[in-house]
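Spelled out from the first residue to the last, the chains are:
There are 2 protein chains.
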Amino acid sequence: MAISSLLFHPSLSPLPTNHHHKTPTFKTSRLTPFNSTLKPSNNHTDTTPIPFPPSQTHKLSWLEELKQAFPSSAKDYFVDNNEAFQDLVDKRCVDNIRMLIVDTVQNAKAGHPGMALGMAEVGYMLYRHVMRYNPKNPNWFNRDRFVLSAGHGCLLQYVCLHLAGFQSIQIEDLQRLCKLGSRTPGHPENVMTDGIEVTTGPLGQGVANAVGLALAEAHLAGRFNKPDVIIVDHRTYCIMGDGCSMEGISHEAASLAAHWKLNKLTLIYDDNHNTIDGPTTLAVSEDISARFKALGWNTITVDNIHEDMKSFREALLSSFNEKEKPTFIRVKTLIGRLSGKEGTSKAHHGIFDEDDVKKMRQKVNWNDREAFHVICLVYREMKIQTDYGERLEKEWYSKLNYYQSKYPEGAGEFKVLLHGGLVPGWESSLPRWSVSDLVDATRGYSEKCLNQLSKVLPGLMGGSADLATSNKAYLKDYEDFSQPNSPWGRNVRYGVREHAMAGISNGIALHGSGLIPFAATFLIFSDYMKNSIRLSALSHAGVIYIMTHDSIGLGEDGPTHQPVEQLAGLRAVPRLLVLRPADGNETAGAYQVAVANRHIPSVIALSRQKVASHIEGTSANEVERGGYIVSDNCDNKDHLPEIILIGTGSELCICENSAKVLREEGRRVRVVSLVCWRLFDRQPKEYKENVLPSRVSKRVSVEAGSPIGWREYVGGEGSIIGVEDFGASGAYLDTFKKFGFTEENVTKFAKKLLSY
Amino acid sequence: MAISSLLFHPSLSPLPTNHHHKTPTFKTSRLTPFNSTLKPSNNHTDTTPIPFPPSQTHKLSWLEELKQAFPSSAKDYFVDNNEAFQDLVDKRCVDNIRMLIVDTVQNAKAGHPGMALGMAEVGYMLYRHVMRYNPKNPNWFNRDRFVLSAGHGCLLQYVCLHLAGFQSIQIEDLQRLCKLGSRTPGHPENVMTDGIEVTTGPLGQGVANAVGLALAEAHLAGRFNKPDVIIVDHRTYCIMGDGCSMEGISHEAASLAAHWKLNKLTLIYDDNHNTIDGPTTLAVSEDISARFKALGWNTITVDNIHEDMKSFREALLSSFNEKEKPTFIRVKTLIGRLSGKEGTSKAHHGIFDEDDVKKMRQKVNWNDREAFHVICLVYREMKIQTDYGERLEKEWYSKLNYYQSKYPEGAGEFKVLLHGGLVPGWESSLPRWSVSDLVDATRGYSEKCLNQLSKVLPGLMGGSADLATSNKAYLKDYEDFSQPNSPWGRNVRYGVREHAMAGISNGIALHGSGLIPFAATFLIFSDYMKNSIRLSALSHAGVIYIMTHDSIGLGEDGPTHQPVEQLAGLRAVPRLLVLRPADGNETAGAYQVAVANRHIPSVIALSRQKVASHIEGTSANEVERGGYIVSDNCDNKDHLPEIILIGTGSELCICENSAKVLREEGRRVRVVSLVCWRLFDRQPKEYKENVLPSRVSKRVSVEAGSPIGWREYVGGEGSIIGVEDFGASGAYLDTFKKFGFTEENVTKFAKKLLSY
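These protein sequences, in sequence, are chains A and B. Following UniProt numbering, the numbering of the first sequence begins with 1 at its first residue and continues without gaps. Following UniProt numbering, the numbering of the second sequence begins with 1 at its first residue and continues without gaps.
Do not take every clue at face value.
Same chains, same label: a pair holds when it works inside one copy or across any pair of copies.
Straight-line distance between alpha carbons at most 30 Å, and here's what the computed DSS-like set of lysine-lysine pairs gives [unchecked claim]: (1) K323 - K293; (2) K685 - K637; (3) K394 - K751; (4) K394 - K685; (5) K748 - K358; (6) K448 - K109; (7) K685 - K109.
By construction, these hints were calculated from the structure, which means they are not laboratory data.
Can you build the whole structure from these sequences, using the hints too?
Encoded structure:
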């Protein structure tokens, strides 16, 4: 029997009998001591304790409440605390959840009540009877993870979080739904609200995130658990709607979940037969259970949750026995349950008319209770589960201490991970190159950096969407992640599934266990995972995107594979760091920046083709400034350069070569590497002025990509050498020549400016 | 029995017996008389006839060839032209295809031979025995469509096109594989090479394209065919590899194909168990046939094509009987067939060593024949099929004329479609608004434009990814496309499948039958379909992307749904027109541009929120210039404005309001609408100077999106009011205020500049 099922009820808690009763030394209430230079603000740092349950609105005792709610049918159950009695309790709690959802939507005049109402039983069951978590420490490492992939249903989660006692959601927060600055935005954001694991809303993303969370658990469990002490052991639950199920990313992720045998992952499909535009029959004919079965999932159907809530709990319990397959539970629900719009797409979003609200209240004997009323009963019920969670967390620290005494080496590594995965001095493992070293493509330098880092960063793990042999993002000293053979493996084989790769990487990063995920493919295929990359940035997931074949310089594969606009598009993503190193040392510098910024994703763009040479003036340490002077033949004090050549990546060499020619002709020429725009933009004004003095208006930028955005750096009089159309299939040098990326052409542009 | 199966063999050709023998009046060799202002150059316009078969290399008669190739086993067959004899012929032709593939790769020192070698039988069977096409008119309307979704296998297609007599691929073209400017680029491009239907390479895209082609056929068949005369009737074939099958887009498209009952679509899955990084077992465990069955497909497996080519043909034949389901044929192949790398991922790409080539030649009795040798036999065999195709085309014109005489109305509309779908004066159907009209969101104006256009443009069809109720992209006078009920319906219900929607739209556009597809969702979800949008631009597919909820102005749904960087990212896509209209008249102008440019995709970005007002100075007709003066209080001759406020979309109103305030204070202020950067960039220098005089350096741009790229228009001294971080959940006006999109803030920025 899986350990997880043993943990299902407090009485079954499998504490090792021989553990040591020391004071927990691992205790850490928020596992976010990461080194973040750009940490965005968040508004949930107020740690003033709030009394719980709050002393408001719930006037009746729980017994009175039940008697009033079920005046006839319940009377026989009030004596014995039996199962039927618990059913009534559960039903009443669900009624309250529904009423809170309705009140919240009516108050906000916005929101998506349909799914929240339909899935109220599911939400309640998870938070009350199934999930192991402690609202007093929402970031407890070994908690069960919950992902609401159908993020528009966040009302349900907000209400459950409140009832369970998370300080992040007070009644006042429900009353501020969708208001600027509230902790209850229109879709759930982990950076706004404790208790939310990942940011969802764009459909299907949450499924991939959940697979990432489950992978992280399986990996760490395989790596650290011992026969006599289990320190990593939680389940991951994900709610998916019809929209999520149609999105390709969910299919990709679901295929991987089965391939990886993530048996502790449970996907709960809200089968409500409706999407925004109408019944699902408009656009779906598939047999979804058969599809998941074909992918390798354990599939269960719950037919009648609104009348038989227990059937869902039983489905969950049965899934705990599954040793290999992830579980897909198809729960048939009525969208907008209770409302006049029940069962129709009209319930998907928008408020109810007041008559309808009145009727809903009558249906559950709520009548004229004031808005946002919470019955004592539901707080009491939730507290049973959260007290249990609190106890589990305490036991977990005891286990950790036992683990530490018996397995000090593993415990040391585990501790490093829990503190963010960075060990002091990790940067020094990064290689350096001198100008006399053999020249390679920057993807080649990347391979060396990544493999060196893997030796000192225990959390570094990741993989490719079937291009490891090309993008060279493979940790040679480690195995592939695989169950049951090698769950400890740190290479992940994503297959040709870029979108899921990125979504899963977000899940790994947001598991909060110090894992540092990298995700690698060709730069052109960043297109396939754009929304997930964006969500990395929005949700503070410090994924390292390794993107090779970064320009038309990849040559023969042609325009379908040659990125042109991708750098511009990615640079426009808020917060994201886009680094395009020019040689070995800059590649090392790019990794240094990417790894150090654990709350910010990075894209490292790397060449397929060999760069022309190592460049004498490049520097790994300067990369963090985003832009710096690579070479100059004047002193910047008495003399300014006549012209500045600005390059990135494989084109920086071309700038250097052109500068040499121009200097030989007596010109004062500076070469600047603008390896990361965003980092440069954030430097002090003086620094920027020093690198790109405003008095030097003659500037040429050289980058084999879209010219969009370069005007900012070359100024009104400068020239931009970029790619304005699609690339072309041809040998690298032919292609570069055709599009003007030669020393001769750069020199020509420079001379044209100089002759003005 | 489906008509298509009746057409499989010439002897079964179902010509209507009562057709008229007139000279064909529909004849048109290239259906591309579209109105394209930005038509990119292509290099296949040389129409000099080339002798076919070319008089080269094939020295032996076909009988001698066979005798030499099969000295023992074949001797019994040479007398009777029986089935076993045809098997030998087929086998020998496939040998030749393999040898050409090897020669081409070896010569180019580049390319992907693995899949091409493994699928040689499939390619041959399709081009020799199955597909109906006429190389003399590659664009014959009623041809079968073939899509190579696994585009890296294009060597196979190039070789087949050559052997079938397409002028676009001569032996010389094979010899120029992957050379700059050749018609044989590294991945197949429809704009480079006649005979290639769509541009593929990025995996999975072709599957969606094929679904689009099949949808176009089904739609037109439902709309135009009559019981006594069938004028639209072809099949669509698509080859998909393991990579395609893993990509989410193929899953989305496959789900839709079954939902739409596209029974004339055949997906041929190259089940070779290998991807770039190794065996598929690294990343796949699913039962793919069961998965397609669950989606609603007819599934067939061909186990042993290398030994029994006919089994594949039989599978195809059986699929012709399928009346409802699309067919999925799983063909088990050996990647790199014949080579030393056979059956391994090493065969995926790259050349062979010379020893291996020698061995391959020995295996097929090729020995020391010179490179690029083509046997007479294979040209002869292919010609049987292409002669058949030529005859079918002629018969089709006869049928068309019969159709025209009997159904003149339908024929008239069909003719309009065949000529590109635009009727003279279509633009005049677009509505206009005056300043006194009720104000709406631009998505509301879009709804009116789209519905007006649908009445005059018979080819306009499309749909939403389940957001029609929100993005208002629905043709109210028309039904939903649905089989068998309403195949003539012009609204397409894509479900929540953005990526497939865009890929399918590319297929519809490239069907070449005058259909004008639109694809609608929220602007944020352009992220989900970015690569398909890019391919629209690369492959000249004039899809109209209708993207509503185009800024943080969408409000409550929050940052997961608020686009910030999407405009910048899309503007960077080569050729793509990104239009962001400010009010009703500009929305009409945007549609005018989008529809007129049939070879260029457009994105029309539209607001969720009501715009502040109709603007007096906007103009539908000026939109095609990309940027123009909306208002000014000086005459542009003696006086230039002191400052220019530049806006797009919903922010243009804010500029207007700010200008009014400034003018009241005595300032000379111009307001410019920059509705489409790319169109403005292409205007004559004088025009641009007239709109944005270089002497006016005080400029403020106002757009609720990433500031990237705006420097080009505001100049070094100008100010950019944009969104540098993610948005926030809140009421529209609160959100706009927080990010500075108010008249007050714009006026503040303007005054700061003016006070310098």
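How the hints compare with the structure:
Within a single copy, K323 and K293 get their C-alpha atoms as close as 15 Å, and across copies as close as 26 Å, so both meet the 30 Å cut-off. Taking the shortest alpha-carbon separations for K685 and K637, only the intra-copy value of 17 Å comes in at or below 30 Å, while the best inter-copy value is 39 Å. For a Cα distance limit of 30 Å, the shortest separation of K394 from K751 qualifies neither inside one copy, at 71 Å, nor across copies, at 61 Å. For the identical chains of this complex, K394 and K685 are neighbours neither inside a copy (50 Å) nor across copies (73 Å), given an alpha-carbon limit of 30 Å.
Taking CA atoms no more than 30 Å apart as the test, K748 paired with K358 passes in neither setting, with 77 Å inside one copy and 49 Å between copies. Taking the shortest alpha-carbon separations for K448 and K109, only the inter-copy value of 28 Å comes in at or below 30 Å, while the best intra-copy value is 55 Å. In this homomeric assembly, K685 and K109 never come within 30 Å of each other (Cα to Cα): the closest approach is 45 Å inside a single copy and 50 Å across copies.
Going through the hint list in order, the structure does not satisfy hints 3, 4, 5 and 7.
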